[in-house]
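A.B. asks: What follows is each chain in one-letter form.
There are 2 protein chains.
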Amino acid sequence: MEELFNKVLQVNVRCRDCEERKANIRVTIELQLTTSPVHKRDLLVRITDDIDPYFLFNLAISEEDFQSLKVQQGLLIDFASFPQKFIDLLNLCISEQTSDSPRFLLHLSCQSPVLEGPANFSVIETNAFKHLNHLSLRLSQASDKEVKDYLAVCLSSLKAEKHALEMKLKTTEDDLTRQLNYAQQ
Amino acid sequence: MEELFNKVLQVNVRCRDCEERKANIRVTIELQLTTSPVHKRDLLVRITDDIDPYFLFNLAISEEDFQSLKVQQGLLIDFASFPQKFIDLLNLCISEQTSDSPRFLLHLSCQSPVLEGPANFSVIETNAFKHLNHLSLRLSQASDKEVKDYLAVCLSSLKAEKHALEMKLKTTEDDLTRQLNYAQQ
Chain A
1 MEELFNKVLQ VNVRCRDCEE RKANIRVTIE LQLTTSPVHK RDLLVRITDD IDPYFLFNLA
61 ISEEDFQSLK VQQGLLIDFA SFPQKFIDLL NLCISEQTSD SPRFLLHLSC QSPVLEGPAN
121 FSVIETNAFK HLNHLSLRLS QASDKEVKDY LAVCLSSLKA EKHALEMKLK TTEDDLTRQL
181 NYAQQ
Chain B
1 MEELFNKVLQ VNVRCRDCEE RKANIRVTIE LQLTTSPVHK RDLLVRITDD IDPYFLFNLA
61 ISEEDFQSLK VQQGLLIDFA SFPQKFIDLL NLCISEQTSD SPRFLLHLSC QSPVLEGPAN
121 FSVIETNAFK HLNHLSLRLS QASDKEVKDY LAVCLSSLKA EKHALEMKLK TTEDDLTRQL
181 NYAQQ
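These protein sequences, in sequence, are chains A and B.
Each residue of the first sequence is one higher than the one before, counting from 1 in the numbering used here.
Each residue of the second sequence is one higher than the one before, counting from 1 in the numbering used here.
Please keep in mind that the hints were generated in silico from the structure rather than gathered at the bench.
Some clues are possibly wrong.
Unchecked claim - Below, simulated DSS-like cross-link-like pairs (lysine-lysine); rule was C-alpha separation at most 30 Å, straight line:
hint : chain 1 : residue 1 : chain 2 : residue 2
1    : A       : K170      : A       : K85
2    : A       : K7        : A       : K70
3    : A       : K159      : B       : K130
4    : B       : K7        : B       : K168
5    : A       : K168      : B       : K7
6    : B       : K159      : A       : K170
7    : A       : K7        : B       : K170
8    : A       : K22       : A       : K85
9    : B       : K170      : A       : K170
10   : B       : K7        : B       : K162
11   : B       : K145      : A       : K162
12   : B       : K159      : A       : K7
13   : A       : K159      : B       : K7
14   : B       : K130      : B       : K70
15   : A       : K162      : B       : K85
16   : B       : K168      : A       : K168
Produce the complete structure using the sequences and hints provided.
C.D. replies: Take a look at the structure:
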């Protein structure tokens, strides 16, 4: 598992019959290599919300899936170049985030009145003439089991971070107290 | 929701066809008061494992459930006194944990070869003559959704603890650095 991208981005979220709203969404892209039983590469796209532990949508793109995506969206690149191209688009969105009229925007839209079920995650360029869809991925809402697994991983890394902080607090206290004692002598 | 008990206890775990093993299990007892639509008190018993985020068994005992439990296990107390009596038994087990031949022991047993499905959680007293079953509760293994909800709560409180640590680290550093500067003048 190789993590290629992990950043929080501003996303325009639109559900059926609802006002569009802005949300801060973490986008993670990972490349998963499987060697057994066959050599296989899957690109995993995951979007989460640091505030809402239940928010999790994902998509696994295999090399075969990519061929359909390529035909369907008229992409001109191959599977190997796709991750970097996708990341370039996301970084373009980030660079435009502070602009009053950003040229590149991320959209997350779903058919239901609340954000659930499958959702389309798209990179849209807006020019004076029209909206251009650069890429649109159909993400699935994670099942209870997938959310459970995701939260277990979050919990484990948060525990490690907390432990590291406790260690750092202890060494900081010891260190400065020693220096203080020395200075006061 | 009132938390009545929350401690890690040593439990003897036995599955079908397996050697008995000792495990450190966190036992939480909560009293849940519902006022709407009707006044209702439920006792929630939950066992978890601080190491294994997926380990979660629970049981909700309503006043009606308690009546069956009372008859079935020959209890002589009422619902209101039950939580404290249960806690007394758990504390007895804790006080005997370090003994070579503990008189009170907690047992968790299930019918399947691995710990899954319903499990019996019992307080057993062993005297020279026999094993005495003081209390036996049938816990259910939590569903994916229940584990997901439980992990979301854990994550949220761990985040708060981590944030508090970060604050403490910062004030400790500032405080000691100021004292150090003062002492060095």
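A.B. asks: Could you work out which of the previously given hints the structure breaks and list their numbers from low to high?
C.D. replies: Those not satisfied are hints 1, 3 and 15.
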